[in-house]
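Generate the whole structure from the sequences, applying the supplied hints.
Protein chains: 2
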Amino acid sequence: MLNFNLQFPTRIHFGQGKIEELGKEILQYGTRVLMVYGGGSIKRNGLYDQVVQVFNNNGIYYKELSGVQSNPRISSVRDGVAICKEHNIQLVLAVGGGSSIDCAKIIAAGAKYEGDAWDFFTRKARINEALPLGTILTLAATGSEMNGNAVISNEATLQKKGTGSSYLIPQFSILDPVYTYTVPSEQTAAGTADIMSHVFEQYFSPTPGTFIQDRLAEAMLKTCIHYAPIAIAEPINYEARANLMWTGCLALNGLLSAGKRTDWATHDIEHELSALYDITHGLGLAILTPYWMLHVLDEQTAVRLAEYARQVWGISENDEMTAARAGIKKTAAFFRSLGLAGSLKEIGVENKSLQEMAEKAASSRGLGAFKTLHYQDVLEILQAAYEGAEL
Amino acid sequence: MLNFNLQFPTRIHFGQGKIEELGKEILQYGTRVLMVYGGGSIKRNGLYDQVVQVFNNNGIYYKELSGVQSNPRISSVRDGVAICKEHNIQLVLAVGGGSSIDCAKIIAAGAKYEGDAWDFFTRKARINEALPLGTILTLAATGSEMNGNAVISNEATLQKKGTGSSYLIPQFSILDPVYTYTVPSEQTAAGTADIMSHVFEQYFSPTPGTFIQDRLAEAMLKTCIHYAPIAIAEPINYEARANLMWTGCLALNGLLSAGKRTDWATHDIEHELSALYDITHGLGLAILTPYWMLHVLDEQTAVRLAEYARQVWGISENDEMTAARAGIKKTAAFFRSLGLAGSLKEIGVENKSLQEMAEKAASSRGLGAFKTLHYQDVLEILQAAYEGAEL
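Residue numbers (the numbering used here), protein chains in the order written: chain A, 1 to 391; chain B, 1 to 391.
Derived from the structure by calculation, the hints contain no laboratory data. Be aware that a few hints might be false.
Identical copies look the same in the list; a pair holds intra-copy or inter-copy alike.
Said to hold, decoys possible - Computed cross-link-like contacts, SDA-like style, restricted to lysine to any residue with a CA-CA straight-line distance of at most 25 Å:
#  : residue 1 : residue 2
1  : K371      : A326
2  : K63       : L338
3  : K24       : Y277
4  : K329      : Q187
5  : K24       : Y167
6  : K24       : L6
7  : K371      : E239
8  : K24       : N3
9  : K360      : A389
10 : K24       : G254
11 : K24       : F4
12 : K24       : R126
13 : K24       : G164
14 : K24       : Q171
15 : K345      : H295
Take a look at the structure:
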């Protein structure tokens, strides 16, 4: 186990009706809010009206930034920053999934920065301050509601990049599982794949002696596997929605990575995919993950992949390689069972872009920590995922 | 799953050498510190000297309160409060296990209160303020290093009572597993029993639909079961000490209780035991827990106790009652295997005090939440535990 520093400062308000905390939370920081959200779903399910009522009841002045897209764009960030500066905004409130939250985070940082917010992603500037941030979560997926990370796409350069800072950690997050009742089944499936991928990226690590972290990771994977099919079959099942929502939050708040090196190769590859094709992040991850697992499987990594197969999927094979392969197959079959595509070609990715994506993803120092990947590795993973090759 | 609010504000510095963070942390709050510790163990293992060196290197003025006992007493608290008031102390630093930390917490609150600190336990006063608090942990057990709870004994009234407040949550905690290398095997065993008991009190709950919390709890139990024997056999095994230390911290920081009703009957009974006999808390818990499990086992609770047996102990019995009983036997056998006593009479408890303890523990509204206990239940548990009856 490696040394680590850890703190979870976000105040979590979890459960049905927790929007009752919103007014009190906002007023700690001021009375001028920028509300950031995506499409019309929060208008259809009544959440928009609830939030506006809280604003009105508490004398809160608000501006809106709507239309944040599923791979949130730097142009939306710039629009939000301009509103903050013009209207002397005191708190940014994201209402939505990870896209709205990530967009709101960079708006909050950009509002306190003279230059252009894309500078945070090119490492031209560090985030040294940010407006306070609150979130109301409507999708169990990214975990952005309890961490300081954000991923933004630059539509001009076709880049999708991440950054992180303790200044981006939300002050509070309201997690009401009822707000996820209206999430369509394909988004529920992709969100679950996203959560599971976050766990995988931290679970598959070269750091030895992280027994507690690994058992916690398996607990989260089992929860996803148990509840995703239930949430898809019964969208208004509170228990399923609540377990997925809380697991998504815990999966990326620092608990699983504390004391470990983490991988993130699959995420890095997927970012190139969704930068080029604007596909749903979780769907890309679901397709890539089993092929990443198969590619990194060797004599050394088999022990760990076999442990995954046994602990999470109940595989009873004694041979490490055989057990590992069985776990990989189970993983792919599970994502398929949720209705997710099993190959990149099914979702419109073109064969001719595989090389470009592999080049962009594979940096000179190599990708990942569980097993280091280079250009040829990434290309092979993309090719197998493109074809939906036999696992 | 129930609604919950949750925040983990403590900054955790985990790992070998993390005392390097101490000076910087203290100086955020001031330059006048009260250092609270127990006996001579931190002098023998060099930690005392390290802490004093940090004080000296950073120009920090300090006073000491030493001799805090394993069931910390209100008289120690009063001594500490007096020092804080007289010397204008700005931060209380606990160096030790849960006893030193709990004592330091109430000192920190008492320093900001006009009356007597025992008022916080009789509910005569609420904790509305406290000095900032830091901890350097030397024992994996109570989890006090990351929560706002404290248990104090009143030697005059033979009472042992708990209280809690967000003002008592440490600002920072330094968790260096190396400091637990010198913990003797009986303390390692009792500390592990304490951690496992914390998990049990939250795992065995009447709240349905808490799948993620329950799998996380099992992860912690498995970690204790895996590493306690290793830490006892090889006291300087870093991996074992690190896993136990981090698990002890996570087991009582709010993660497992979020969204659930919790039980705490076994703790309430044990508090009467150690109030009267001043025995090690974890040892008392280890003896009582299997008898509590057996006593609450019925048609309704069997499902849950069987789940515990299967998930944690790998019991493959199909029948719920049979599986549950097998899990209870395994629990008792495990504690015995760590060298812990299996009956109250072995550790000097007298038969004649069982009634008194049962009366004190059993409040009029009943004890526990998984299954409510009354006087007769508590007495039966104590009698069976006294004899070390067949499980």
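Status of each hint after checking the structure:
| no. | hint | result |
| --- | --- | --- |
| 1 | K371 - A326 | within (20 Å within a copy, 42 Å between copies) |
| 2 | K63 - L338 | neither (38 Å within a copy, 62 Å between copies) |
| 3 | K24 - Y277 | neither (41 Å within a copy, 47 Å between copies) |
| 4 | K329 - Q187 | within (22 Å within a copy, 45 Å between copies) |
| 5 | K24 - Y167 | both (21 Å within a copy, 20 Å between copies) |
| 6 | K24 - L6 | between (27 Å within a copy, 16 Å between copies) |
| 7 | K371 - E239 | between (37 Å within a copy, 23 Å between copies) |
| 8 | K24 - N3 | between (37 Å within a copy, 18 Å between copies) |
| 9 | K360 - A389 | within (23 Å within a copy, 68 Å between copies) |
| 10 | K24 - G254 | between (27 Å within a copy, 23 Å between copies) |
| 11 | K24 - F4 | between (33 Å within a copy, 16 Å between copies) |
| 12 | K24 - R126 | between (31 Å within a copy, 23 Å between copies) |
| 13 | K24 - G164 | between (27 Å within a copy, 23 Å between copies) |
| 14 | K24 - Q171 | both (12 Å within a copy, 24 Å between copies) |
| 15 | K345 - H295 | within (19 Å within a copy, 60 Å between copies) |
Checked against the numbered hints listed earlier, the structure breaks hints 2, 3; every other hint is satisfied.
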